[in-house]
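Line by line, the protein sequences are chains A and B.
To convert a position in the first sequence, counted from 1, into my numbering, add 29.
To convert a position in the second sequence, counted from 1, into my numbering, add 29.
What the hints contain is simulated information worked out from the structure, not anything from laboratory work.
Please note: incorrect hints may appear among the correct ones.
What the hints assert, rightly or not - SDA-like cross-link-like pairs, simulated, lysine to any residue; straight-line CA separation at most 25 angstroms:
no. : chain 1 : residue 1 : chain 2 : residue 2
1   : A       : Lys72     : B       : Gln307
2   : A       : Lys72     : A       : Cys333
3   : A       : Lys270    : A       : Ala205
4   : A       : Lys72     : B       : Met355
5   : A       : Lys72     : B       : Pro334
Protein chains: 2
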Amino acid sequence: MNTPFRFEVLQVDGTARLGRLTTAHGPVETPAFMPVGTQGTVKGLTPEQLVHAGASIILGNTYHLALRPGDTLIADLGGLHRFMNWHGPILTDSGGFQVYSLAPSRTIDDQGVVFRSHIDGARVELTPERAVAIQENLGSDIAMCLDECPPFGTAREYLRQAVQRTIRWAERCRAAHRRSDQALFAIVQGGTDLDLRQECSEALVRLDFPGYALGGFSVGETPQQMAAALEVCASFLPADKPRYLMGVGRPSDILRAVAAGIDMFDCVLPTRNGRNAQAFTWSGTVRLRNAVHRRDPGPLESDCPCYTCRHFSRAYLHHLFMADEMLGPTLVSLHNVSMYCRLMTEIRRAISAGRFAAFQAACLARWETWL
Amino acid sequence: MNTPFRFEVLQVDGTARLGRLTTAHGPVETPAFMPVGTQGTVKGLTPEQLVHAGASIILGNTYHLALRPGDTLIADLGGLHRFMNWHGPILTDSGGFQVYSLAPSRTIDDQGVVFRSHIDGARVELTPERAVAIQENLGSDIAMCLDECPPFGTAREYLRQAVQRTIRWAERCRAAHRRSDQALFAIVQGGTDLDLRQECSEALVRLDFPGYALGGFSVGETPQQMAAALEVCASFLPADKPRYLMGVGRPSDILRAVAAGIDMFDCVLPTRNGRNAQAFTWSGTVRLRNAVHRRDPGPLESDCPCYTCRHFSRAYLHHLFMADEMLGPTLVSLHNVSMYCRLMTEIRRAISAGRFAAFQAACLARWETWL
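Starting from the given sequences, assemble the full structure and let the hints guide the process.
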């Protein structure tokens, strides 16, 4: 069986790209946003609601799923798609980032990472081979190589070591990878050091992966630092392969990254902020607990086609949050995911029409202070 | 404008009745179950999901809604149906029961009840006239008279006073009631004292309400005590008016009450227990946190047509609860409401076919120990 994975660039507009991923579970128009389904569920939303919101691909977290319920259990039950009843494409991360950010008492050496589970304290080892095996058990359409992601501000000497380790681990992941219905992407590290980014990119490109991610962004640098670095980093990557900026970000970050030639994004903001009563709209963020919404009969966003905006007032959403009702987080998460997906649709439309720069400028002029 | 409210008994089978309520927001086939939407939302479910689960009428709580967001605010926004986007019939309770069970430092006299809000400690007065005004503001299809509901085991002398007060308050509610698109039901009290129940029923029937509720059940008596009392109590009420048993109950309670001639029910069990990982099925209750479900690929209930059972395994539901994911409470609440609505459908079908006694016996033989 040949791998079904394909990527085509359909059109370019400056350095922004309109493209299409083809995966074992269907196509994804790019630039694309992936809602985050950390524990086998995009928090608070049914798969039906996700489809309604316009999501075409979602992300699952290897770290969380391997610890609970376990990747072999998910494999025994037919894989992650079936387990969570999501029939579109899924990308899984490698688990590395969560080990560094969530797990207690982790130690890293060339072999891999050893850490304690944040759930029960059990000792767990994550190696490049194990990261691939877990993701093959989950059965995602796109898997990620295990990488080392040092914190923002790490000294250059350690950054260099982390880059070398990330390259060696990518080789091992590639050697271990078996599933022909799953594409394995490599992750470029190097922090804000563009020489290291270039070195890492060139080494990974020589290994010829079907896609490349940029890791270690949005971990402390300013949006301006990130945007400047992204343009350079994207130029180190082959034009005919998809580029995925991990864990980013706000709508304004996404616009700048698309301008730099990025094709894929994931971020917890639409759901995490949604659960905390913050809505993203085209006119700005809206904090629904604010008393100004108490009697407001209008929807969150008047021209939004989502279920929440078509059926509920700001006054009702305000009430749900004040009364601590579960439906509030669900309805605002639904709106936010829908808003992000509409943003991507508008981005693709603008690239297609050759007016992305104007679209971006118009959005950023409106959003700069808040999104 | 004439009141659109009507009730027809379409068929009887023993003392069980098949009927139809006609309300300003559409018909309700009886016996009917009303999911509880305490704070303007049936917890965790969208109105769309409620319709899918088969709910035809829901209940709203006057006490909660009057305190937050306030009944005048809801009226200003077009009423409760529009506020919560539920376009079917709504019954609101009078608030009395919640004042007695939730509010701190309440004092009752003939004028009404004075209590402290459980939200902000504000002093609130609930009189019969105010209970009616609140429900008229909410715009429910069926409103309830304010009653006094003494705790189970109250001495007969106080029970008698409470019954007399309930009758006087029903008169005042009737006199205060204005909305012609809303039916006002009276509530029969009297605890387990059947003489008092009869006295209360006769007095209320003389006032000629379009429907009658039995209050003060399921507050401490055994299911057997309740079933025996219900049969007698139902006989005190006119055959051509709907009978509503408030706050009841488990599926087995509902079956016994239907046998006694009850037409309407509400209960928090399907949603409250659903949030706590307990599912109701035709083969028994299922505790989804139990480790036995960890690897179970089967649905909660194999022949259940609900969204949850059609799309998710017990293993997945178990995982959602172990991982403390919001989707678990939502999916199991959806199943439970759906199961209750299917129970009512089967009850109506059995009455229609003249085989309710056999249906009830078969269910109770299977359920006695647990439902």
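Exercise for the section: Against the earlier hints, flag every one the structure doesn't satisfy and list their numbers going up. Expected result: Structure breaks no hint.
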